[in-house]
Amino acid sequence: MKPLEGYLIVDFSQFLSAPSASLRLADLGARVIKVERPGCGDICRELYVSNVVLDGDSTVFHAINRNKESLAADLKQPADRELLRGLLAQADVVLHNFRPGVMERLGFDYEEVRKFNPSVVYGVVSGYGPDGPWRDKPGQDLLVQALSGLTWLSGNSGDGPVPMGLAVADILTGQQLAQGIQACLIRRSLTGQGGLVEVSMLEAILAFQFEVLTCYFQDGNEEPHRTRYNNAHAYLGAPYGIYATANSYLAMAMGSVLKLAVLIDCAPLLEFKDPASWFDCREEIKSILARHLKTRTTAEWMNILEPADIWCAEVLDWQSLFAHEGYKVLEMEQTVRRGSGFEYRTTACPIRINGERPRATCGSPSLGEHTHSIRTEFLL
Amino acid sequence: MILPLNGLFVLEFCQYLAGPYAGLRLADLGARVVKIERPGLGDGCRQLAIKGLFTDGDSLTFHAINRNKQSVTANLKDPADLERIRRLIAKADVMTHSFRPGVMETIGLDYGAVRELNPGIIYATVTGYGKKGPWSGRPGQDLLAQSLSGLAWLSGDAGQPPVPFGLAIADILAGEHLVQGILAALLQRGKTGQGATVEVSLLESILDFQFEVLTTYFNDGGQPPRRADCRNAHAYLAAPYGIYATRDGWIALAMGKIASLAEWTGCPTLLPYASDNEETFTHRDEIKGILQEHLLTQDTAHWLQCLEPRGYWCSDVLRYAQLMNHDAYKALGMDQLVHRRNGMSIRTLRCPIRIDGQRIYSTIAAPELGNANELLDGGL
Chain B
0 MKPLEGYLIV
10 DFSQFLSAPS
20 ASLRLADLGA
30 RVIKVERPGC
40 GDICRELYVS
50 NVVLDGDSTV
60 FHAINRNKES
70 LAADLKQPAD
80 RELLRGLLAQ
90 ADVVLHNFRP
100 GVMERLGFDY
110 EEVRKFNPSV
120 VYGVVSGYGP
130 DGPWRDKPGQ
140 DLLVQALSGL
150 TWLSGNSGDG
160 PVPMGLAVAD
170 ILTGQQLAQG
180 IQACLIRRSL
190 TGQGGLVEVS
200 MLEAILAFQF
210 EVLTCYFQDG
220 NEEPHRTRYN
230 NAHAYLGAPY
240 GIYATANSYL
250 AMAMGSVLKL
260 AVLIDCAPLL
270 EFKDPASWFD
280 CREEIKSILA
290 RHLKTRTTAE
300 WMNILEPADI
310 WCAEVLDWQS
320 LFAHEGYKVL
330 EMEQTVRRGS
340 GFEYRTTACP
350 IRINGERPRA
360 TCGSPSLGEH
370 THSIRTEFLL
Chain R
0 MILPLNGLFV
10 LEFCQYLAGP
20 YAGLRLADLG
30 ARVVKIERPG
40 LGDGCRQLAI
50 KGLFTDGDSL
60 TFHAINRNKQ
70 SVTANLKDPA
80 DLERIRRLIA
90 KADVMTHSFR
100 PGVMETIGLD
110 YGAVRELNPG
120 IIYATVTGYG
130 KKGPWSGRPG
140 QDLLAQSLSG
150 LAWLSGDAGQ
160 PPVPFGLAIA
170 DILAGEHLVQ
180 GILAALLQRG
190 KTGQGATVEV
200 SLLESILDFQ
210 FEVLTTYFND
220 GGQPPRRADC
230 RNAHAYLAAP
240 YGIYATRDGW
250 IALAMGKIAS
260 LAEWTGCPTL
270 LPYASDNEET
280 FTHRDEIKGI
290 LQEHLLTQDT
300 AHWLQCLEPR
310 GYWCSDVLRY
320 AQLMNHDAYK
330 ALGMDQLVHR
340 RNGMSIRTLR
350 CPIRIDGQRI
360 YSTIAAPELG
370 NANELLDGGL
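Chains B and R are the protein sequences, given in the same order.
Per numbering that gives the first Met the number 0, residue 0 is the first one in the first sequence, and the count goes up by one each step.
Per numbering that gives the first Met the number 0, residue 0 is the first one in the second sequence, and the count goes up by one each step.
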């Protein structure tokens, strides 16, 4: 039995932020019904990455919406609104990521829904919060990264702003939403009380920077400084970074520069006796280290460093990762099947409960695939 | 507002970031979180400074991660201390630990032993790479998990070496997933009375983070990701997605029509690429190159004025000082002061989730080592 079996989630959201929350709740056993506009549905269906289209929808749509059902309904049509009202009355959770004000105009905002479903847990994602001057800006991942200061943390000092190459604001927002929803369901199970959970992408991406922002607040508001080369964290000293070797790359986490100097036989590093210098002189240490690490292969360095418990690792690409026993033993992939019979391979839930990974067999829904069965089942 | 996890009692045997970050979120949502620390040293994070910054004896990082918690000290190898901890475990709803596989078995606090003390407990663990396989004994550290997972090939430009995310993304996501597993298990316990184990690892969490692009990779014949030659912001998205230099700064451009960009920025050189979507993938590098050259001719404010009112998804690229001085940041009410009893105070961030329309603040700073040792003598 999956832990969230029996919970019904009605999800009006599109793209990635809130849908990644309902994906996780679905992974953990909840039933998720996507409510989509007739005709085009979740815009993510057409958000293509590369040129790959699978069974009529984008690959990212398939990834985000496995294990969900689709109900086609037009929020502006009276008949459909009546149907939705009936469904929402039976929902444990309602989610949306419309821009502020839209759901209020459509008449299914929290205040309205709780009138006929007082114990509902209602989750809302916005780009920049419910008020303030950015309230109506598009809540898009790259823009949120750019506005949040995040782009000055990755890459090297000469690179200008370097965004993180995945939709990190969307994903982190979805994580926070899932947690807020679950926490309110726990409260409801004890008190009967419903709740409203709100997360914005800007607040989520700021919370992601909480450690370095706490430094910024205390250090006299100094902007982060990345190193000229081999930066992996603007606030950490040498050797922290990724270095080229004779044949590929080596990642080095935090550790003693002196111990490292002895192990890799690099005399110039022995000058840096004071641990405080590992931060203060990190440019110099990193450039000495970078020259030295080029003289041998990654495997040679790993053979020296790993037995000495120096924190280091190879830098793999997916092909070499997937061929490795360290990946295979995770059994992280699964094949899911759409209603059309089309099958595709995707990842599975990263959380194990009682030693087992909850798995799904259903793929993403085609638009409106479950409209009829949902109407019948819920007597709508 | 009643905080949703009010009344929940959590014991945290974790150090550094991933596990304690989960504890922070549970504390913010209302749980009472008590850290179990080694006498003398405590959580290794107390001494792991970023930028060499300490306040009141502990690193600023430790302060950021462990606010709103309590601390007791115990030597788990000492039978008398262990017995006191066992008595606390008997009263706990949740315990978390991040020891390498095998350590808790040696101490005698593995799930089998703990379940005998407390059958309803949720026993949650975070590891680096799972409990089996060739990597299970490796240090579970963020940069190393990023490097093994393939993530480092998604940020930065095509000609650059692997570029890691400049923050501890694997730690943070593993912490988020741990919270989700714990809350799901608590919801199940509410129905069945049964406890459960929850397991996450840095590697599985960072793989899940790549689920969209991995799903693409699994179904496109395994084509390796290709970062754009310049201004890369996502290896799988078409032009113009990226952050571009302007005459006086930077501008972030999200997905949008090349024809619109060509017209609104006055760049006819782009028109040959504006006819269909396919072009924006196949000629991504040429388009980005042309656009970059063009955007250098005017200031950021000029381009924003051309694009934003017409609905093109774009934004300025801010540094921390610019963001903090902006009304949009101030409207969030995102930072807060936390205090220790001795008068020390630190500015840090609050929980990013709003519940019932309210922000969640807490003024309690990270605990001095052993500040709640009276709990060991039976007081709760």
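One or more hints might be untrue.
Stated by the list, open to error - Cross-link-like lysine-lysine pairs, in silico, DSS-like; alpha carbons within 30 angstroms at most:
#1 R:LYS50 with R:LYS90
#2 R:LYS256 with R:LYS190
#3 R:LYS130 with B:LYS1
#4 B:LYS258 with B:LYS272
#5 R:LYS329 with B:LYS258
#6 R:LYS190 with B:LYS258
#7 B:LYS1 with R:LYS90
#8 R:LYS130 with R:LYS76
#9 B:LYS114 with R:LYS190
#10 B:LYS75 with B:LYS114
#11 R:LYS329 with R:LYS50
#12 B:LYS327 with B:LYS1
#13 B:LYS75 with R:LYS329
#14 R:LYS329 with R:LYS256
#15 R:LYS190 with B:LYS1
#16 R:LYS90 with R:LYS76
#17 B:LYS272 with B:LYS293
#18 R:LYS130 with B:LYS327
#19 R:LYS50 with B:LYS272
#20 R:LYS256 with B:LYS293
#21 R:LYS90 with R:LYS190
#22 R:LYS131 with B:LYS1
#23 R:LYS131 with B:LYS327
#24 B:LYS293 with B:LYS258
#25 B:LYS258 with R:LYS90
As the list claims (entries may be wrong) - Derived list of chain R stretches under chain B, where covered just means 3 residues or more per stretch with a C-beta under 8 angstroms from a C-beta of chain B:
#26 76-83
#27 119-131
#28 217-223
#29 346-357
#30 366-374
What the hints contain is simulated information worked out from the structure, not anything from laboratory work.
Note that the structure is predicted; figures quoted are calculated from it, not measured.
The beta carbon of each residue, even a glycine, is placed where N, CA and C say it ideally should be.
These are the hints, each one checked on the structure:
no. : hint                   : in the structure
1   : R:LYS50 with R:LYS90   : 39 angstroms, violated
2   : R:LYS256 with R:LYS190 : 51 angstroms, violated
3   : R:LYS130 with B:LYS1   : 21 angstroms, holds
4   : B:LYS258 with B:LYS272 : 10 angstroms, holds
5   : R:LYS329 with B:LYS258 : 46 angstroms, violated
6   : R:LYS190 with B:LYS258 : 53 angstroms, violated
7   : B:LYS1 with R:LYS90    : 25 angstroms, holds
8   : R:LYS130 with R:LYS76  : 23 angstroms, holds
9   : B:LYS114 with R:LYS190 : 26 angstroms, holds
10  : B:LYS75 with B:LYS114  : 20 angstroms, holds
11  : R:LYS329 with R:LYS50  : 26 angstroms, holds
12  : B:LYS327 with B:LYS1   : 24 angstroms, holds
13  : B:LYS75 with R:LYS329  : 36 angstroms, violated
14  : R:LYS329 with R:LYS256 : 33 angstroms, violated
15  : R:LYS190 with B:LYS1   : 12 angstroms, holds
16  : R:LYS90 with R:LYS76   : 21 angstroms, holds
17  : B:LYS272 with B:LYS293 : 23 angstroms, holds
18  : R:LYS130 with B:LYS327 : 13 angstroms, holds
19  : R:LYS50 with B:LYS272  : 18 angstroms, holds
20  : R:LYS256 with B:LYS293 : 44 angstroms, violated
21  : R:LYS90 with R:LYS190  : 19 angstroms, holds
22  : R:LYS131 with B:LYS1   : 23 angstroms, holds
23  : R:LYS131 with B:LYS327 : 10 angstroms, holds
24  : B:LYS293 with B:LYS258 : 19 angstroms, holds
25  : B:LYS258 with R:LYS90  : 44 angstroms, violated
26  : 76-83                  : violated (count 0)
27  : 119-131                : holds (count 3)
28  : 217-223                : holds (count 6)
29  : 346-357                : holds (count 10)
30  : 366-374                : violated (count 0)
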